[in-house]
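Colleague: Taken in order, these protein sequences are the chains called A and B. Residue numbering for the first sequence follows the numbering used here, starting at 1 and increasing by one per position. Residue numbering for the second sequence follows the numbering used here, starting at 1 and increasing by one per position.
Don't read these hints as lab results, they were simulated from the structure. The beta carbon of each residue, even a glycine, is placed where N, CA and C say it ideally should be. Some hints could be false.
[What the hints assert, rightly or not] Partial list, derived from the structure: chain A residues whose beta carbon lies under 8 Å from chain B:
#1 Ala4
#2 Ala9
#3 Val12
#4 Asp61
#5 Leu66
#6 Ala67
#7 Arg102
#8 Ala123
#9 Arg127
#10 Ser134
#11 Glu135
#12 Asp173
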Amino acid sequence: MFDATRVHALAVAIPAAHWFALCGLPFADEERVRIEELRLASGAQRVERVGSWHSVRVVADDPRALAAYDADAAEAARLKSVAIAVTDAPTVLRATSEVVERGLGVLFEAARQAADRARSDDATTVRVAAGAASEAIYRAALAWALGEGNSHRFVLTHALFASGRWPLARIDDTLYVL
Amino acid sequence: MSASVAEVKTIEEFAAQSPEYQAAVKKLVLSHAINELYGAQVFDEPAVAYAPTPYWKWLTCRIAMEEYGHHVRFADLGKQIGIPEDDMIPQRTAKKPLSIFEQTLDTFEEFAVLKMLGDLGEIIQVEDLLKCSFVPLRTAARATMPEEKFHVKFGDDACAEICATPEGKERIQAAIDKIFPTLPAFFGRSNSRNNQIFREFGLKERTNEGMREDYVNRARVSVEERLGLKLPDVDLSQY
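Just chain B, same shape as in the assembly (with noise of 0.2 Å):
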């Protein structure tokens, strides 16, 4: 957090300041309160008809539902900055969600795929709000934070029992070239205005780029080092 920044501690501080602030906490909350709900509902559950057996279905059910409670948890504290509640509503706002909800989950292996590769972006992102000067929104962050990296252990789970088997492999590998090649995008352009100004308000402390790069990383360790499988070269430069 920027040494100049002092901490935002309660809803009541966080109205006396300045506009600017106050604009910059809300695009962050909704982004959040948007992305959690919008996963859910196109990934998380959906993928419980893809699970195996009851016992993933029931643990994909429990993961879905966590999530849900991640929107509900942004979503409250929305509420309570200002934020009309249809805005966070995937189906009522103009704001889209991300990009990487335009693709589609067609098997429970995309879906591990994407627990151990799309929620460790999360888990990113989530990270860098860890020091928030908004100290309600680095409260709601480190709330989420366990489930989280459940959520990736998981997807790590999952995608090492499938790859027991060459066929399992052959699967899991074929659900990383589909889904990876669009998860680097989740963290916003490089040189960002937005990012900038969150830095500058001690909201985060990473650049886009900073984390797009720690993230290819932290993913090359999951797909490459745990797995022995590839992960897809992506060209970071194009964001």
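This is chain A alone, in the form it adopts within the complex (with noise of 0.2 Å):
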């Protein structure tokens, strides 16, 4: 079952959230739970803080972290496929196009806040940002609609970003966190 009405909470939620409010900040204790859940669903062995906005394109644009990328754009391939199998294709665009549409103002203005306490005055990397933020919100609805679950990793992912940190990157057997 494709369950639109949680997709539309995820959507409405978005304003809400803290969108990139803790990157750059050493890991508080109440997130290490966050984190780690995450490591475990990504598969990675340890966690490393990236420190720095100025860091997200060397961690983002190294070509090692394709593969885990690829992997998740499989994965959201998959449950794409199962939604339109169990409801049908207008109905999920119908009730994707609504967590696109919210976030578009928001994540962009939670990026550009994020460069500023940054110092930063790359535009760029602000839509880089806005544009992951937005693929987590999506992803996880798929997965949320279709009842994968708290445990799923775009779930997870989500959850991360909603609460103010970038899972940037997997390379290799290491999760990039900012």
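Got two chains here, separate frames each, mind docking them using the hints?
Modeller: Structure follows, in structure tokens:
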């Protein structure tokens, strides 16, 4: 079953989340459980905190990050196929379009503020950030609407984004989190 | 804007305009609404798969979202002025999108070139709406401009990075050779009756052929002066 009401709930929660608010700061104790859950779900052996907004491109533009990204893209494609199979393409598109539309301005502004805090005038990284968060919300929406559960890596990735972090990449056995 | 054409400031004032004025505005809004969405679906979204790393994939994803957002902006205006929603969705209308969408993109290099040169064409079209007599359309156009400029800059920067190697230069040149010849048609026929009507109503300022010539000149700067590559020759008299 594809529960579009769950997608709607995720979409309306977008403005209230803390997108990029903790980027660059040390991990707080209360974050460690969430980060560890994502580490386990992603198959990484360790977590490395990325200390600066200015390091985004160094990590996210590493070709070694592609393997994990492609695995996630394949999983997203699988979830989308399942969603369409249990409902129909227009229903899935209508539901997930709300996620895109609601995030358009909010995520960009949150990323821009994070860049300002880091004293970065790199407009491209702001868009990279907004794109990453939007993709995370979209994938979590698919997983959640299909009842995949809170332990699915897409749901955990979204939770980490919404709490203020940016899971930048998994490279070899390391999960990099800004 | 023609000195004799007064501004139409609101939807209510629009409703009081002549049927001819309303039809002209609807044509423009409809075209933008359809082509923004179609471009996002056919070019921008699929390009995410071609992007080489997560950094470029997320950037491409955001660009696709912004193009989709432009569709939403023009479609919202379209609904306000009485264009049926289905008419603004490419898969539900009989109106064909621009001919440039008939080609396929097969590589990230082609996407970078399309943003550099295709969105440059879009900027010229949007620039021509910045003094539009229909103020809500002028406002919608103005709102999309910063993002369109970023998209062109993305294309410029991505092409420049790829051109850092001889192999990259070859790939970008091949992409330019494939894509550029399809783009001058984006501006419509020369001596266009529609364009004449748009200008008479103060909706647009420039002729199609004037914008096309400007476009080719600006594209030449991007390709030949900035990248050191060759812009294919195009016979502008064919339009």
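Colleague: Could you run down the list of hints and mark each one as holding or not?
Modeller: Hints, verified against the model:
no. : hint   : verdict
1   : Ala4   : violated (19 Å)
2   : Ala9   : violated (21 Å)
3   : Val12  : violated (17 Å)
4   : Asp61  : holds (4 Å)
5   : Leu66  : holds (6 Å)
6   : Ala67  : violated (11 Å)
7   : Arg102 : violated (11 Å)
8   : Ala123 : holds (7 Å)
9   : Arg127 : holds (4 Å)
10  : Ser134 : holds (6 Å)
11  : Glu135 : holds (5 Å)
12  : Asp173 : violated (17 Å)
Checked against the numbered hints listed earlier, the structure breaks hints 1, 2, 3, 6, 7, 12; every other hint is satisfied.
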